[in-house]
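S.K.: Residue numbers (the working numbering), protein chains in the order written: chain L, 1 to 233; chain R, 234 to 466.
If you are wondering where the hints come from, they were derived from the structure by calculation, not from laboratory data. As the structure is a computational prediction, the values presented were derived from the model and not from experiment. Be careful, since some hints might not be right.
Computed list of lysine-lysine pairs in DSBU-like fashion (alpha-carbon distance at most 30 Å, straight line) [said to hold, decoys possible]:
1. L:Lys50 <-> L:Lys164
2. L:Lys155 <-> R:Lys447
3. R:Lys388 <-> L:Lys84
4. R:Lys448 <-> R:Lys283
5. L:Lys57 <-> L:Lys164
6. L:Lys155 <-> R:Lys238
7. L:Lys164 <-> R:Lys388
8. R:Lys290 <-> L:Lys155
9. L:Lys164 <-> R:Lys397
10. L:Lys214 <-> L:Lys84
11. L:Lys155 <-> R:Lys397
12. R:Lys388 <-> L:Lys214
13. L:Lys215 <-> R:Lys388
14. L:Lys155 <-> L:Lys5
15. R:Lys283 <-> R:Lys239
16. R:Lys388 <-> R:Lys239
17. R:Lys447 <-> R:Lys239
2 protein chains.
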Amino acid sequence: MEQGKKAVVLLSGGIDSTTALAMAQADGYQVYGLTFLYGQRQGLEVEAAKRIGRAAKLADHRMVEIDLTIFGGSALTSDMAVPKRRSLEEMRRQVPITYVPARNTIFLSFALAFAESIGAADIFIGVNAIDYSGYPDCRPEFIRAFEAMANLGTKAGIEGRRIKIRTPLIEMSKAQIIRAGTALGVNYTHTTSCYDPDDEGLACGACDSCLIRKKGFAEAGLNDPTRYQEGAE
Amino acid sequence: MEQGKKAVVLLSGGIDSTTALAMAQADGYQVYGLTFLYGQRQGLEVEAAKRIGRAAKLADHRMVEIDLTIFGGSALTSDMAVPKRRSLEEMRRQVPITYVPARNTIFLSFALAFAESIGAADIFIGVNAIDYSGYPDCRPEFIRAFEAMANLGTKAGIEGRRIKIRTPLIEMSKAQIIRAGTALGVNYTHTTSCYDPDDEGLACGACDSCLIRKKGFAEAGLNDPTRYQEGAE
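Just chain L, with the same shape it has in the complex (with noise of 0.2 Å):
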């Protein structure tokens, strides 16, 4: 590929996006990451974004502010309880309560006009279908509807310049993630996962999000570097 070619990666602080800024970086890509405030009950997650930013050299680095708690609707924008100890039967049984409405509509359409803006083609997004936690925005249908969309509805796409839409994660299980990452040289004590994180920013270990990394570094067979609160199982 081209020296240089930019992509923009949106970046939250958790295993997946750090595992896929990695994989762009890897691809040669100079990366511009995106990571949003929304009213997330974990500030923690922005400052783990940053340090990540921070020790993969960005070419850019910005925080947009999106005031997503006005519509309501989730337990990550409001006071609704965090769902604890579920079995991934449960989790796939229904969208979670933690899904915010549009979440990732809204991400990659911000991470669309900061493409169009640089100049790149190429948009990361850590989305993953296997250990999808149940949310409808991390499906490859989703992921390739946005795309043709972006195609149709950006002076980029309609001038040839064809934007794409990379999901290096989308077949992957969480400990193929890890794995994939660890292999790149990521350093997973940067990330954070939780849910429901202390005041303290220790995990609860028993929301959905701390189960399914949890699982997956067990599978990996790997050390989950996560600083989990007293008590947690």
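Given the coordinates of chain L, assemble chain R onto it according to the supplied hints.
M.R.: Positioned in the frame of chain L, the structure of chain R alone reads:
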């Protein structure tokens, strides 16, 4: 249709969105307005949208601030000069510099989140493809692609409450829009169109948007209530 069916209407303060709002209400929808503050030079637009929303007695009217200036690249959000006195042919020849990267994609994404959170399935946007002034994200194929994506990426969509992007103006000329709105009782005095108003809020009369507006009123055979700057032709 059902009594009290909810719709989200994107309301910019211009002729098109104001007419789309009147049409949604005429169809019996309970309207939830959504207006964006996105660093546009014409803060007048937002004031116009507020006046129009109050006059229309909306069920709710949300103002969402999004920082598009960080993306640069448009005469509407930066210091680039707004082109003046262009023919319609010139306007159509290329995507204008007043194009804001991915603007309608971002606007519709927020409308989608708002619609999901209030249980609405219909989103009205006043785009039109006739006097559309060269924007890729005003074309029918973009709207259809957005709708397809929206139904794959939301809980509403996958649970069978089909999201519909309503574009009642898409095949109408500006003159037809103004006639239709006038028939529904719209008072266009409240609306604003100019890309480059002066400090007193008077329209320049020469930017693409003013030219299309003036032509619309002229062709509709209706009085243009716009206050133009002294010396504007």
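S.K.: All the hints need checking, so say for each whether the structure fits it.
M.R.: Quick rundown of the hints versus the structure:
1. Of the supplied pair hints, the one linking Lys50 (chain L) and Lys164 (chain L) holds, its CA atoms being roughly 25 Å apart against a limit of 30 Å.
2. A threshold of 30 Å between alpha carbons decides the hint, and for Lys155 (chain L) with Lys447 (chain R) the separation of about 27 Å falls inside it, so the pair holds.
3. Between Lys388 (chain R) and Lys84 (chain L), the direct Cα distance comes to roughly 21 Å. Compliance with the 30 Å bound is thereby established for this hinted pair.
4. Among the hinted pairs, Lys448 (chain R) with Lys283 (chain R) is consistent with the structure: their alpha-carbon atoms are about 26 Å apart, no more than 30 Å.
5. Restraint check: the Cα-Cα separation between Lys57 (chain L) and Lys164 (chain L) comes to about 23 Å, which is no more than 30 Å; the hinted pair holds.
6. Our distance criterion of 30 Å between C-alpha atoms is broken by Lys155 (chain L) and Lys238 (chain R), whose separation comes to about 35 Å.
7. Between the alpha carbons of Lys164 (chain L) and Lys388 (chain R) the distance comes to roughly 24 Å, so the proposed pair stays at or under 30 Å and holds.
8. The suggested pairing of Lys290 (chain R) with Lys155 (chain L) is violated, with an alpha-carbon distance near 36 Å, which exceeds 30 Å.
9. The hinted pair formed by Lys164 (chain L) and Lys397 (chain R) meets the criterion: a straight-line CA distance of about 25 Å does not exceed 30 Å.
10. For a cut-off of 30 Å, the pair hint linking Lys214 (chain L) to Lys84 (chain L) stands: about 14 Å separates their Cα positions.
11. Between Lys155 (chain L) and Lys397 (chain R), the direct Cα distance comes to roughly 24 Å. Compliance with the 30 Å bound is thereby established for this hinted pair.
12. For the hint pairing Lys388 (chain R) with Lys214 (chain L), the CA-to-CA distance comes to about 27 Å; that is within 30 Å, so the pair holds.
13. A threshold of 30 Å between alpha carbons decides the hint, and for Lys215 (chain L) with Lys388 (chain R) the separation of about 26 Å falls inside it, so the pair holds.
14. A C-alpha spacing of about 19 Å is found between Lys155 (chain L) and Lys5 (chain L), which places the hinted pair at or below 30 Å, so the restraint holds.
15. The suggested pairing of Lys283 (chain R) with Lys239 (chain R) holds, with an alpha-carbon distance near 19 Å, which does not exceed 30 Å.
16. Restraint check for Lys388 (chain R) and Lys239 (chain R): satisfied, since their Cα atoms lie roughly 17 Å apart, inside the 30 Å limit.
17. A C-alpha spacing of about 33 Å is found between Lys447 (chain R) and Lys239 (chain R), which places the hinted pair above 30 Å, so the restraint is violated.
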